[in-house]
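Asker: Sequence lines, in order, name chains A and B. The numbers in our numbering rise by one with no breaks, and the one at position 102 of the first sequence is 102. The numbers in our numbering rise by one with no breaks, and the one at position 78 of the second sequence is 1078.
By construction, these hints were calculated from the structure, which means they are not laboratory data. Keep in mind that the hints are not guaranteed to be accurate.
Chain B regions said to be covered by chain A (calculated; three or more residues, Cβ under 8 Å) [claimed, not checked]: (1) 1126-1137; (2) 1334-1340.
Here are the computed lysine-lysine pairs in the BS3-like style, where the Cα-Cα straight-line distance is at most 25 Å [to be verified]: (3) K196(A) x K1345(B); (4) K1345(B) x K25(A); (5) K1305(B) x K1364(B); (6) K175(A) x K205(A).
Beta carbons are placed, not taken as given, at the ideal position from N, Cα and C, and that holds for glycine.
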Amino acid sequence: MGYLNKSTITVDAVLTKKGRELLSKGRSEFEITQFAVADDEVDYTLYTTSHPLGSAYYGSIIEGMPVLEASSDETQAMRYKLVSLDRGTKEIPVISLGVSAYSLNYNDSVVVSPTTTAELATAGYTAILYDGNVATLTTNQPLAAGTTVPFFQVNQAVSANAVVVQGFSFNLTSKELTVSRTTQLTIVNNLTGATKTVTVSVAAKPTV
Amino acid sequence: MAIRTFVPFNLDEDVVPANQTTVTTGLWSGDTGSLTTLFTSTTQISASGEYYFDAYDKNPATDTTAEVQFAVAYGHISGGGSPTLAQDDLAVLATKATYLQYKNILLDPSDDLFTFGNTNADHVYVINVQRARLREQLDPGNWLLTLSGSQGKFTFIDDSGQTLSAKSKTSKSGRVFNVASGSLTGPSGSTVLTSQSAAGKGFGLVYPDLGIIVLNPDAIIPTVGFESASAGFGCGNAGAEDFTYSTVNTVIPFAPFTGSLVAATPREQRNHDGLLRSIKLGGDFQARSAETISSTHYFVRLRNKDFNYTNNPTFYNNTNGQILNDDFVQDPRVYATSIGLYNSKNELLAVAKMSRPLEKSFDKEALIRVRLDF
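With the hints as constraints, model all of the structure from the sequences given.
Answerer: Structure (structure tokens):
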């Protein structure tokens, strides 16, 4: 007679700020209906196919690493989601913005138009501007009515000065600044979870 | 195969809502179950010592991590031990205020006096556990108070572990049990020797839901052996915070002195010092806190065909999307570290972390139980 395999893993969850906010409004506001899985702190260059002990040990460095405690900030947790794709997939869907960074002058504006393979962009994108004091972020081409909003509640500052909007394309407009500042803009594909982060630089208003 | 990053729960099969679990832990700071040394604060005593003394786990004068564990107070129905207004225009009648305060909290409106066994008591000692230690309740049947006096050391428990239904009652203050002389040993978890003094007076009552133990001085003092106090020789004669002020006996605690004049000077007697001294000399106050936690369990099923690729930027070329490791094209392996729980708006409400990365591939499935406490 052997021992039963204790195959069920038990982990404790912590509420995010959003979770606490909704829970404070009552249990009816707090309804978990789905889950996602992420691997935020894993670096896959640690997967060692040259391991001297062979293939059983390729992932041993990753599996041996300790995992950090959960962050209650929803902008910092679950950044790199695992995704279900067909076996044999050679390419992970990526987002292209056509530029590597946005540089705006005073009173300047640009349209952010992310692209992915056509059939993978049907759910649109979520754009997160991490400092709303630097620029204004609005929707240029909105999603169809009834489309669910991923990750964060739209138009809500989820972290300090962050701004979140959704759509197929976005307007990015500089704000009047006395000194030049930079922040970051992250675009998330609502279907695949693919992310693209670029730097946004806004120049100070010229002095006359 | 549908591309997806979110998987809906089957609410009937995957979610086990509102499991009620009672969690117990050591009552004192650091979740320790036994308090063997006690300290007081001269600052607290000078500010409110006529009403109560706070007992610390460490010396608050020298250790900034010292925390209040419990407070002791003494109450007298007619203000014994406190100066009267006739004696002092600024008298606060601390002992009377204390007695009436706990009477209002613990007794029915029609009840004017604490009754222990079949005997009314004009005065009481009160041990009040600090709220931060208590959490939800003092775990009944799992506390033991050691008092020391001239008769030796005596241990007191409650009788909840003995004949629960017969000896407990539920008042407006929640459950009430009798304090008894006994120990936390024996087949039922505790052994009650007696719940009355030799004179037939009850030792006290415990209100676990409030974290309050009310002791009957008329039963405790003769059993444990407190030194008789008198004007000029009592708790109120010194600072009372260092347990060394007595010139007569440095070991035996003082019984309450219900007079109020010391050398013709009105003075608060701080009679609760006698009990605190007895606890300190007893050297062992064991207790647990109990808390009912409502947990919901979510069963996260990672099926073999799901979650075998990742958006982690070290997994693929961020420009063209090509998977960087050739081994991952036919046999991808990813390592899950986090599970996010979302609502239907895809708002992240809770996060769970693995203790170590969990390998996932097309030939592996995983069942993870995520527990969320409220």
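Asker: If you test the structure against every hint from before, which numbers come out violated?
Answerer: Violated hint: only 1; rest satisfied.
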